[in-house]
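**Student:** Spelled out, the chains give:
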Amino acid sequence: MKKQGVGARLIRKEDDRYMRGRGEFVGDIRLAGMQDAAFVRSPLAHARIKSIKVPDDLAGCVFTAADLDEVKPITAVTALPGFKPSDQPVLARGKVRHVGELVAICIAPDRAEAEDMAARVEIDFDALPAVHDMLMAREKDSALVHDHWGDNIFLETLVDDDMKAAAGEAAVKVTRAFSTARQCMSPIEGRGAIAHWDGRLEQLTVHSSTQMPHIVRSGLSECLGIDHGAIRVIAPDVGGGFGYKGILLPEEVCLAWAAMHLGHLVRWLEDRRENLTASANCREHHYVVTAYADKEGKLLGIDAEATVDSGAYSAYPFSACLEAAQVASILPGVYDFPHYRCHTFSAATNKAPILPYRGVARTGVCFAMELMIDAVARELDMEPTDVRMKNLVRPEQMPFDNITNKHFDSGDYPEALRRTVEAIDLTAVRQRQKKGESDGRVIGVGFAMYCEQAAHGTSVYAGWGIPMVPGHEQANARLTPDGGLEIRIGAHSHGQGLETTLSQVANEVLGIAHDKIKVVHGDTAFTPYSTGTWGSRCMVMSGGAVAEACDQLAERARGIAAKMLQCKPTDITLKDNRAIGPSGELTIEEIAYIWYRRPQDLPPDVNPSGLEVTAGYKPERDSGTFSYAAHAALLAVDTLTGEVEILDYVIVEDGGVLVNPMIVDGQIFGGAAQGVGTALYEEMRFDADAQPLASTLSDYLLPGPAEIPSIRVFHMETPSPYTRFGVKGIGEGGAIAPPAAITNAINDALKPMGAELTMSPVTPRRIVEAIVAARSEKETAA
Amino acid sequence: MPTISLTVNGKPVSAEADTRQLLSVFLREQLGLTGTHIGCDTSQCGVCVIHVDGKAVKSCTMLALQADGADVTTIEGLASEGEMHPMQEAFRDHHALQCGFCTPGMVMMSVVLARDNPDLDDDAIRHGLEGNLCRCTGYQNIIHAVRAGAKAMKG
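Heads up: the sequence lines are chains E and V, in that order.
Anchor point for the first sequence: position 636 equals 636 in my numbering, and the numbering is continuous, going up by one each time.
Anchor point for the second sequence: position 137 equals 137 in my numbering, and the numbering is continuous, going up by one each time.
Be aware that one or more of the hints could be misleading.
Claimed, not checked - DSS-like, lysine-lysine: derived pairs with alpha carbons at most 30 Å apart:
# : chain 1 : residue 1 : chain 2 : residue 2
1 : E       : 3         : V       : 151
2 : E       : 2         : V       : 151
3 : E       : 13        : V       : 154
4 : E       : 13        : V       : 151
What the hints assert, rightly or not - Not everything, but these chain V residues come out facing chain E in the computed CB check (under 7 Å):
# : residue
5 : 75
6 : 79
7 : 80
8 : 98
In case anyone wonders, no lab produced these hints; they're calculated from the structure.
Here a beta-carbon is modelled for each residue, glycine too, at the ideal position from N, C-alpha and C.
Please work from the sequences and hints to get the whole structure.
**Tutor:** And the structure:
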């Protein structure tokens, strides 16, 4: 049998159904008696609701907060000292706090009719001043998003590791302010759900396009006040997540309430306008950073103040503070320096509640930290890669506890940078820059590095104390009577290819052929509890659990085979669908058949536990795996139009042992493309009334095939010492470094003109403005 | 409600269509052909591309009524007798899909690009697919797949 285990480059099991148009996304499900919901959403960012008028003929079809009295608001608290909780009513009560907030649910035989109803609901508002900017939100005279708080700060944190000492010793001090735009994650499939109350089973079934069916079930139980046992959540095929679907939705709670009260199924499918205007909910950070360094470029300290625009409410389960809390702990990145201070603010504004998007806070901190490194290099007139080399954690320090007590498990960071410098051919780029371009453009090269904590464990999340703390990840493995293998996991696969890679893990342990293994996921009725798919955790956690369950199943199968072959279980080898003993062999199919269908052939002292196992897994240390990468961008800038063309893009990446290198490459390409979008295109702007200024994909720019360069990926494979097979999480990394690498390259190109960009996305307008500003500064100085 | 008659995936069909119903919605709701997806409602994302009288069309840009009498092919009709179309095989073999949501539109567009220009280079593929968005793959493997699929279609 060709290798089908860990390391094999297998095509995906899941692709056949997608290729033939037979995927089943939530919008593809057809259930008898299903009606469609449309929501009345707030057109204002901040207002008091004076009255809601539902036309008489719509009674029984339209419901408001007054009808949902018994439904509890969504609350996602944290255990962090000083955190201010918010109550998010599933339908607005008293006040609306962001554009797109739900005010009423309208239910009709189809969506068009439901939207017609929604258009007839009249709301009388008293508009309030909107909090549209996170820095203004922190000011004393700002309007208040939550009146009883007294300010707009969900949480303020401060860490200070003897910062004052750095200032005294430093040869250079460089200060910069950075900001990253608010974005909309924009999976191509929007959110959506169907709710159904089954009177016979007394069970609520919710089909939802979610990354975490078990967490949605817990959230529904809490809001609706019904037992977990009375709720089943099914996540069918899901058309992209990226964090956007890692949430308990107010829409889901409303649909569930409606299904329980109306006696028929209710469906809601988010459209793109809702997606953009009601849920631009990620990435918006602001930093002021001061770096202290000696004259050789060795960092002595980093002093940072970070503000995150957390939006109006604390979203369930990740809370309003995950981003800012992470900023403080991961800003030091891949570097080793002695002094550090970070002061963070999670600011409430009249925008959609923030959610962690692929890379979570890392994309922002990588932007801030990597642009600082280049700013220090410019100040010292050094090559930016030389400054990086001087400060990187070295391989002989691994495993390494950094200044914020992050435990880097393994790797060779300087080697990743060396390989990147070589692949992009830095020497040749510098020569080409001296010669100049025949078309009048200027070229620049930029680098960025990160390390990415993945598969966060109990110890990491317990400190944050949010509604979801991951424990042992569980998997179930079961031999079927004909020798097939079923694997059940509580996480969900929506592009990651887990139906394939977890099958590879099972094959590695049991030797059962790939085509006889089925991975079942996405249904709380059939799978063990799991916090779901987030934080690049599934290959480490679900993969480890599948291996553990298969180990135990192997022992059971060997036990039966040993009885039949009259040898010791330890003499049996499982390989190529067979159990091979010293003097004979059985197929896995024969073992399963005997157990299930011909128990009369088994001796009486056989282990009664059978051929089904549920096992739990945690890595030896649960502080997370740390994959890492160096990115390099080579690009050309037209200084008249501000247009940027990426000429070459290199990634040297170390994600530990790769289970399926083809799938890993796909994750990196896809992540990097999202990173290019963050770097150059994607921005949801808000006006002073906190109105979102994009409502279609013609004004919120997602990169298309003509905008994304061919990316060259090179792998290093340093195993994690703590995980099964040495795997690490790699799902998010691609999206982390591109904004920093690309902006550093643009700044490198513009260096002779004295222009420097510090905000993403780096749009043509911002480039031209920076050039004009630098020119007028020079003229003023002259 | 008016009734329209058209050929879909080689079979004649007649069904009622609301005057404001888009062709994409008609295919999904009236005919149950849910392989054609809806991603943006405003004709930017391309997940609803089908073939109408041999042309690649975003089915959200047409009213169902406008398809009366047309010959329509959707992703469900691309494979013949169970055998995948060479472009479908190329997408699978080159890992040109992840979540699979944009895939039907991407494949339907690519088939027409390759048919109309058998010697597609990467640049022509990238520009030919400008109206199709994918959020998972970064397009790189899609470009490889379309190149391979075009070659296979040439035979």
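**Student:** Determine for every hint whether it applies to the structure shown.
**Tutor:** A quick look at each hint next to the structure:
With a C-alpha separation of about 29 Å, the suggested pairing of residue 3 (chain E) with residue 151 (chain V) holds against the 30 Å cut-off. The hinted pair formed by residue 2 (chain E) and residue 151 (chain V) meets the criterion: a straight-line CA distance of about 28 Å does not exceed 30 Å. Between the alpha carbons of residue 13 (chain E) and residue 154 (chain V) the distance comes to roughly 27 Å, so the proposed pair stays at or under 30 Å and holds. Under the criterion of a C-alpha separation no larger than 30 Å, the hint pairing residue 13 (chain E) with residue 151 (chain V) is consistent with the structure, at around 24 Å.
With its C-beta approaching chain E no nearer than about 4 Å, residue 75 (chain V) sits inside the 7 Å limit, and its interface hint holds. The restraint placing residue 79 (chain V) at the interface with chain E holds, with a minimum CB-CB distance near 6 Å, inside the 7 Å limit. Against a cut-off of 7 Å between C-beta atoms, the interface hint on residue 80 (chain V) is violated, since the closest Cβ of chain E lies about 12 Å away. The criterion of a C-beta within 7 Å of any C-beta in chain E is met by residue 98 (chain V), whose closest approach is roughly 3 Å, and the hint holds.
Against the hints set out earlier in the document, a violation occurs for number 7 only.
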